[in-house]
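J.: Turn these sequences into a full structure, and let the hints guide you.
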Amino acid sequence: MRAIRRIPLPSLTGLVLTALFVLAAIFAPLIAPHGNAEIVGDVWEPMSAAHWLGTDNLGRDLLSRMIYGARITLFIAVLATALSFSLGAILGFSAAVFGGWYDTILSRLVDLLMSIPTLIMGLVVLSVLPSNLVTLILVMGILDSTRVYRLSRAVAVDINVMDYVEAAKLRGEGSGWIIFREILPNALSPLVSELGLRFIYAVLFLSTLSFLGLGVQPPDADWGGMVKENKDGIVFGIPAALIPAAAIAALAISVNLVADWVLNRTTSLKGGRG
Amino acid sequence: MVDGKAKSGPLLDIRNLRIEATVYPPGEAPRTITLVHDVSLTLEKGKVLGLIGESGAGKSTIGLSSMGYGRGGVRITGGEVILNGRDILKGGKEGLRKLRGRDVCYVAQSAAAAFNPAHRLMDQVVEATLLHGTATRAEAVKRAVALFKKLSLPNPETIGQRFPHQVSGGQLQRVMTAMALCSEPDLIVFDEPTTALDVTTQIDVLSAIKDAIRDTHVAALYITHDLAVVAQVSDEIMVLRHGRLVEWGGTRQIIKEPRQEYTNALVSVREIEHQEQQPGTTPMLSVKNVTAAYGGGHIKVLKNVSVDIYPGQTLAVVGESGSGKSTLARTITGLLPPEQGSVVFDGRTLANRLADRPKEDLRQLQMIYQMADVAMNPRQTVGTIIGRPLEFYFGMKGRERDKRVAELLDEIEMGKGFIDRYPAELSGGQKQRVCIARSLAAKPKLIICDEVTSALDPLVAHGILKLLLNLQQIEKVAYLFITHDLATVKSIADSIAVMYRGEVVRYGPKSKVLTPPFDAYTDLLLSSVPEMEIGWLEKAIKGRRMESAGN
Chain A
1 MRAIRRIPLP SLTGLVLTAL FVLAAIFAPL IAPHGNAEIV GDVWEPMSAA HWLGTDNLGR
61 DLLSRMIYGA RITLFIAVLA TALSFSLGAI LGFSAAVFGG WYDTILSRLV DLLMSIPTLI
121 MGLVVLSVLP SNLVTLILVM GILDSTRVYR LSRAVAVDIN VMDYVEAAKL RGEGSGWIIF
181 REILPNALSP LVSELGLRFI YAVLFLSTLS FLGLGVQPPD ADWGGMVKEN KDGIVFGIPA
241 ALIPAAAIAA LAISVNLVAD WVLNRTTSLK GGRG
Chain B
1 MVDGKAKSGP LLDIRNLRIE ATVYPPGEAP RTITLVHDVS LTLEKGKVLG LIGESGAGKS
61 TIGLSSMGYG RGGVRITGGE VILNGRDILK GGKEGLRKLR GRDVCYVAQS AAAAFNPAHR
121 LMDQVVEATL LHGTATRAEA VKRAVALFKK LSLPNPETIG QRFPHQVSGG QLQRVMTAMA
181 LCSEPDLIVF DEPTTALDVT TQIDVLSAIK DAIRDTHVAA LYITHDLAVV AQVSDEIMVL
241 RHGRLVEWGG TRQIIKEPRQ EYTNALVSVR EIEHQEQQPG TTPMLSVKNV TAAYGGGHIK
301 VLKNVSVDIY PGQTLAVVGE SGSGKSTLAR TITGLLPPEQ GSVVFDGRTL ANRLADRPKE
361 DLRQLQMIYQ MADVAMNPRQ TVGTIIGRPL EFYFGMKGRE RDKRVAELLD EIEMGKGFID
421 RYPAELSGGQ KQRVCIARSL AAKPKLIICD EVTSALDPLV AHGILKLLLN LQQIEKVAYL
481 FITHDLATVK SIADSIAVMY RGEVVRYGPK SKVLTPPFDA YTDLLLSSVP EMEIGWLEKA
541 IKGRRMESAG N
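As given, the protein sequences belong to chains A and B, one line each in that order. Letter by letter, the first sequence follows residues 1 to 274 of my numbering. Letter by letter, the second sequence follows residues 1 to 551 of my numbering.
It should be emphasised that the hints constitute simulated quantities derived from the structure, not laboratory data. Glycine included, C-beta positions come from ideal geometry on N, C-alpha and C. Take these hints with a grain of salt, some might be off.
Stated by the list, open to error - Listed below are several chain B residues computed to face chain A (Cβ distance under 7 Å; list not exhaustive):
(1) T333
(2) P337
(3) K359
(4) L362
(5) Y369
(6) V374
(7) N377
(8) P378
(9) R379
(10) I419
(11) Y422
(12) A424
(13) L426
Claimed, not checked - Here are the computed distance ranges between Cβ atoms for each label pair:
(14) B:K142 to A:T267: 17 to 27 Å
(15) A:S107 to B:G295: 47 to 57 Å
(16) A:S175 to B:L469: 49 to 59 Å
(17) B:A146 to A:P190: 34 to 44 Å
(18) B:L459 to A:S86: 46 to 56 Å
(19) A:S86 to B:E94: 52 to 62 Å
(20) A:P190 to B:V23: 24 to 34 Å
(21) B:D420 to A:L9: 29 to 39 Å
(22) B:S454 to A:P190: 27 to 37 Å
(23) B:G295 to A:L109: 25 to 35 Å
(24) A:P8 to B:G92: 30 to 40 Å
T.: Quick look at the structure:
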């Protein structure tokens, strides 16, 4: 308990909210009062005891859809971010360590990818490839990894010239040790802060794609897709579209609060012992 | 020093100065620490007071307090700083602004970092004078040119038109002194003005500063950790430690008859007994006619260099910065493949490139760096840092490895309580010791020591040198010792190579290299090492002038 009390309030809020989202995502079938695609009432019913958040444009329970939506949104965003980080960081670090042709070719390739606006690139690729979760995650992850590559290469180039890396090279260490044991722990701080941001970008990107009809396919929906489904209601004063939008915002803030906290805990060079 | 406008009482009178700072240790409540404990000093007009001590002694903090300045969150919380009869701490911001750059000027340690690279030197030199409106621009420029002349800068008329990167480090330091003198202040604070310079440059800057102080009758606080330097310029010396006054007295008294034990340790720090060993028959490592270059062969940094190192002995490579000493180390370790020549180790020629060398060759050659701070991964514990070579070269694991790490920690005179510490939790000397243990862990035959003591305080450096010599006895390891400090060389070397512009100009056993007749460069190098003796500077400069006239 003492450990929890030492966490600053904003971080605690972030942790609690993130945990709630994650729990909702994991136990969606147990928590949700109705099925995901089950039509339970009239179109756009207001909030009531039966339907806490009202119903959506087809008369489905909005709360249940939100909970199932959390599952899809988090699942895709987490996997896409994990992919973009492992790919981007490993390639970025190795480019910095190996240098020369390897670095030049990789960097120009990344420049090439980055010169095309991400959204347009994503739209083109997704409209050609079969629309399923795997392609979606791959496309999102690879497109995002270009940004991570840039950052990790820049960070690693600075670390690579430090004496301790030279000492490791003189010892005869392989690139694996140099990348994962010498460079990675020292590059973690900027990467973690970027991670919080990138995760949210992934959520937003997924929402955008779904909004445009190329993301998650109905009847499943992530939060962005739910905004799209219910957007027409806004004209009639129906808040159904605003609820998923608010959920996205809350997730964004809480994940970043957690990332900040992790950052604070790990920047100390004295092993966090004070 | 009787001056027309001399007032009664001292120029600067600091009484019971107390300086504090708040530190924010992670995970703990912020707490206040006291950096300077009730230090008092007085300085007469036209006199020079030397402040000396190790890093963290509070010398710079005290020096800056004479202009009412606290660096990086440091607060002056008690005492009085009276300049010309006025307590400057009570003058408020307005008063301080009038004072700084007019009554008190500051000369920083690194002139290269202290000048704005985007402005011409002259604009920066006259800036304070113009700002305070004490002279018109034409007058100020005239004054500056006169000062440039006095500080024997080349082309005094035109040097002001240059940008900071267009002059050398020693010249820049002198321009900075001219900048401080330009507004004709009463007091100048010199904060380690020669520490970052080579010995041969240091002597020029030192004598220029000394002449300028004498001719302008300015008072000065001279901050340094080098007692020999401060003995040349100051009238009085104040020894500080941990923010407390240790001893304060005339220069002669401090260096000849120190009354405190600590002062005595500082004065007598440099002598280490070391019996010179005769070179054996077969060298362990020989560098044969090596030529190396940077930038695809355009800039030759090593020209036809040959040296030998014998088993269990120490070869010192001396020279000023840019002479190619560190490049020689890079060539031997394989970081910079030579263009011509070869490195022979234990009878076999080493591969030129690091990547082509077998693990065994890498193990035999270890290196210790100048900056222990950056030579250790800040995210690894001492146990990992020392244990990794054991794991990597000998495949030691678990308890066996920990046992050996503990033994090594014992050898470097640190207990095994340090095994879980991170580098940030060690002092400068301890860090360098851990680096030594890391290189010893590989059981090498040769350790390359690249300026290992130059970033350390004299007393700590002394301890490191003694440790290195002891370890040489125990482990029978040879050292290639790169340094610009001749005092270090005298205490530990068996043979010496003097390098100048990429060439070895003098090479042989220590006793032979250090006995006359010298070649011109070795003589310059030897005569430039400050000695703890009053009047040494004048003698050295005079001796040198005759020398250069003779050449």
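J.: Now look at each hint and say whether the structure bears it out.
T.: Evaluation of the provided hints:
1. Evaluation of the B:T333 hint against chain A yields a held restraint, the C-beta minimum of about 6 Å falling below 7 Å.
2. Annotation: interface hint on B:P337 violated; nearest CB of chain A at approximately 14 Å, more than 7 Å.
3. Because the closest C-beta pair between B:K359 and chain A is about 5 Å apart, less than 7 Å, the hint holds.
4. The beta carbon of B:L362 comes within 4 Å of a beta carbon in chain A, closer than 7 Å, and the hint placing it at the interface holds.
5. Given the 7 Å rule on beta carbons, the hint for B:Y369 holds: about 5 Å separates it from the nearest Cβ of chain A.
6. Checking B:V374 against chain A: minimum C-beta separation of about 5 Å stays under 7 Å; hint holds.
7. The beta carbon of B:N377 comes within 5 Å of a beta carbon in chain A, closer than 7 Å, and the hint placing it at the interface holds.
8. About 5 Å separates the beta-carbon of B:P378 from the nearest beta-carbon of chain A, less than 7 Å, and the hint is met.
9. Taking 7 Å as the C-beta contact cut-off toward chain A, the hint placing B:R379 at the interface holds, the least distance being around 4 Å.
10. Given hint, B:I419 at the interface with chain A, is violated; its Cβ is 12 Å from that chain's nearest Cβ, farther than 7 Å.
11. Taken as an interface hint, B:Y422 checks out: its beta carbon lies about 5 Å from the nearest beta carbon of chain A, inside 7 Å.
12. A hinted interface residue such as B:A424 counts as satisfied when its beta carbon comes closer than 7 Å to some beta carbon of chain A; here the least separation is about 4 Å, so the hint holds.
13. Annotation: interface hint on B:L426 violated; nearest CB of chain A at approximately 10 Å, more than 7 Å.
14. Here the CB-CB span from B:K142 to A:T267 is close to 53 Å, at odds with the stated 17 to 27 Å.
15. Look at A:S107 against B:G295: about 22 Å separates their beta carbons, and that is not inside 47 to 57 Å.
16. About 37 Å separates the C-beta atoms of A:S175 and B:L469, a value inconsistent with the hinted range of 49 to 59 Å.
17. Restraint check, B:A146 to A:P190: a C-beta distance of roughly 51 Å breaks the suggested window 34 to 44 Å.
18. For B:L459 and A:S86, the Cβ-Cβ distance of about 49 Å falls inside the hinted range of 46 to 56 Å, so the restraint holds.
19. Take A:S86 and B:E94: their Cβ atoms lie about 58 Å apart, and the range 52 to 62 Å holds.
20. Roughly 25 Å separates the CB atoms of A:P190 and B:V23, a value that falls within the hinted 24 to 34 Å.
21. Distance hint for B:D420 and A:L9: a CB-CB separation of about 32 Å, consistent with the stated range 29 to 39 Å.
22. Taking 27 to 37 Å as the suggested C-beta distance range, the pair B:S454 and A:P190 conforms, at roughly 32 Å.
23. Our hint of 25 to 35 Å for B:G295 and A:L109 holds, since their Cβ atoms are close to 28 Å apart.
24. Between A:P8 and B:G92 the beta carbons are some 37 Å apart, a value that agrees with the proposed interval 30 to 40 Å.
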